[in-house]
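Top to bottom, those sequences are chains A and B.
The first sequence begins at 1 in the UniProt record's numbering and counts up by one.
The second sequence begins at 1 in the UniProt record's numbering and counts up by one.
One or more hints might be untrue.
When chains are identical, the list treats them as one kind, so a pair holds in a single copy or across two.
[Claimed, not checked] Straight-line distance between alpha carbons at most 25 Å, and here's what the computed DSS-like set of lysine-lysine pairs gives:
(1) Lys128 <-> Lys262
(2) Lys52 <-> Lys67
(3) Lys158 <-> Lys196
(4) Lys191 <-> Lys255
(5) Lys158 <-> Lys245
(6) Lys47 <-> Lys263
(7) Lys245 <-> Lys230
(8) Lys122 <-> Lys263
Don't read these hints as lab results, they were simulated from the structure.
Protein chains: 2
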Amino acid sequence: MKKQPIGVFDSGLGGLTILNALHRELPHEDLIYFGDTANVPYGSKSKAAVTKFSLAIARFLESLGVKLIVVACNTASAQALAELRRRISVPVMGVIEPGAERAAQTSRNGRIAVLGTEGTVKSNAYPKAILKRSPQARIIQQACPLFVPLVEENWGKKPAAELIAREYMARVQKSGADTVILGCTHYPILKPVLRKILGKHVTLVDSADTLAQAARAFLTARGQAAAQGKGCVRLYASDDPARFKRLAGYLLPGKIGAVRLKKLDL
Amino acid sequence: MKKQPIGVFDSGLGGLTILNALHRELPHEDLIYFGDTANVPYGSKSKAAVTKFSLAIARFLESLGVKLIVVACNTASAQALAELRRRISVPVMGVIEPGAERAAQTSRNGRIAVLGTEGTVKSNAYPKAILKRSPQARIIQQACPLFVPLVEENWGKKPAAELIAREYMARVQKSGADTVILGCTHYPILKPVLRKILGKHVTLVDSADTLAQAARAFLTARGQAAAQGKGCVRLYASDDPARFKRLAGYLLPGKIGAVRLKKLDL
């Protein structure tokens, strides 16, 4: 069991930030990443569609013998996690709970803002998860559909990124939130511009580290954590692996190995 | 045959600008529109994926008894048209040829710029079609991946749109092009800001009107044009028809009828 890999999936590239965090936190683990580039983006699609994609990926990862599945995509975590846990025999962790936990612990004034895709915002998954922990919290949500294409264009440092972010952040600033959840795996790339707009007194919660710590705690508690050897990373994409590899260069620090094509059975 | 509808499809909403033009040009024709909202966007996907989606849609339209299929999506026109014509018995028209034709006729200095998605640019479909007509033409292509999400956010008039457009247009202006093809159905929404940046001496070619005229000429020549009655429009989406209907309000002038859900057999 200790030798089995961990499966990580996302609608596309964004989840590589989670893969990085897992690799840092669990350096002995073998990791398998699946980017659903044939069906990206999930953020604007229906719950039924997102659930269908997520199930097909989870079944593929299960067939590779993973011991744990990490849903790196916020939209899939928000919309498909319950169904995945019903239908998949391997344990499944999402990004919502760790992010909500961290935000609830961090906020001093109880005002929390959630940034996410349309799908994540519509699901109300973050507000529900936060209110379970802090029933008094006041939460606002802001969908930021232009953030993902901005990051995928590698335009995070251009003036347009700031202008777009200022537009989305107007409501967040007005709400008086002292804690802002970056509820999409692409958004941490925009941390510098968000910090510039929101100021130092606002804490940006990025679920990657929290999730990686939760994954380590989970595996350790079950005696399933790999204890030695250098973990390797295997990458799959459901469409255009060459493009995936090229864009992954913006998100991953090290050299990227082969990206294999795996079409989903939908 | 005259009474049979015309089928129009696009990866999502953008093709509604073509639907409008067809409705204006051919007011007696019944039109069926299919928006592949389950698989949008096509612009960043592989040729194999775009062809698979396009074939499934064309087969569905064929099953509804259409007399002509109009591929309103530039990416699908660029990547899947030949395959559609091989596999579908109904005539198929794309947007590339009419746009290239118009641009070749319009340009005085023979310098033409093509704006499109990554997929359209990569296919070189516009340069090939233009060079067939004007072998001396000098063509530059510019992928503009942020334009579609900008339009879908209804942000075409915000300062961010101008900043992003200025970035993309820098190369176009440098090229000295006097004719710019709006090679994606979403881009005509950005005409005001593009005109502001490029100036009045540059002609913006929008394939919607040209395509609609070509469709009328084609049906008239074959004696298949409907001559009387008010044509009706039927809308299908492959995912989340409620969202489709809401966003379609930005693109269609009149009242929007029911949007039916039709999942594709892939």
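Now for the hints, and whether the structure bears them out:
1. For the homomeric pair Lys128 and Lys262, neither the shortest alpha-carbon distance inside one copy (35 Å) nor that between copies (32 Å) is at most 25 Å.
2. In the homo-oligomer, the alpha carbons of Lys52 and Lys67 lie at most 25 Å apart inside one protomer (21 Å), although the nearest pairing across protomers, at 34 Å, exceeds that limit.
3. In this homomeric assembly, Lys158 and Lys196 come within 25 Å of each other (Cα to Cα) both inside a single copy, at 13 Å, and across copies, at 21 Å.
4. Taking CA atoms no more than 25 Å apart as the test, Lys191 paired with Lys255 passes inside one copy only; the shortest distance there is 23 Å, against 41 Å between copies.
5. Taking CA atoms no more than 25 Å apart as the test, Lys158 paired with Lys245 passes inside one copy only; the shortest distance there is 23 Å, against 33 Å between copies.
6. Proximity of Lys47 to Lys263 under the C-alpha cut-off of 25 Å is found in both arrangements, the shortest distances being 21 Å within a copy and 14 Å between copies.
7. Taking the shortest alpha-carbon separations for Lys245 and Lys230, only the intra-copy value of 22 Å comes in at or below 25 Å, while the best inter-copy value is 51 Å.
8. In this assembly of identical chains, the alpha carbons of Lys122 and Lys263 lie at most 25 Å apart only when taken from different copies (22 Å versus 29 Å within one copy).
Consistency with the previously given hints fails for number 1 only.
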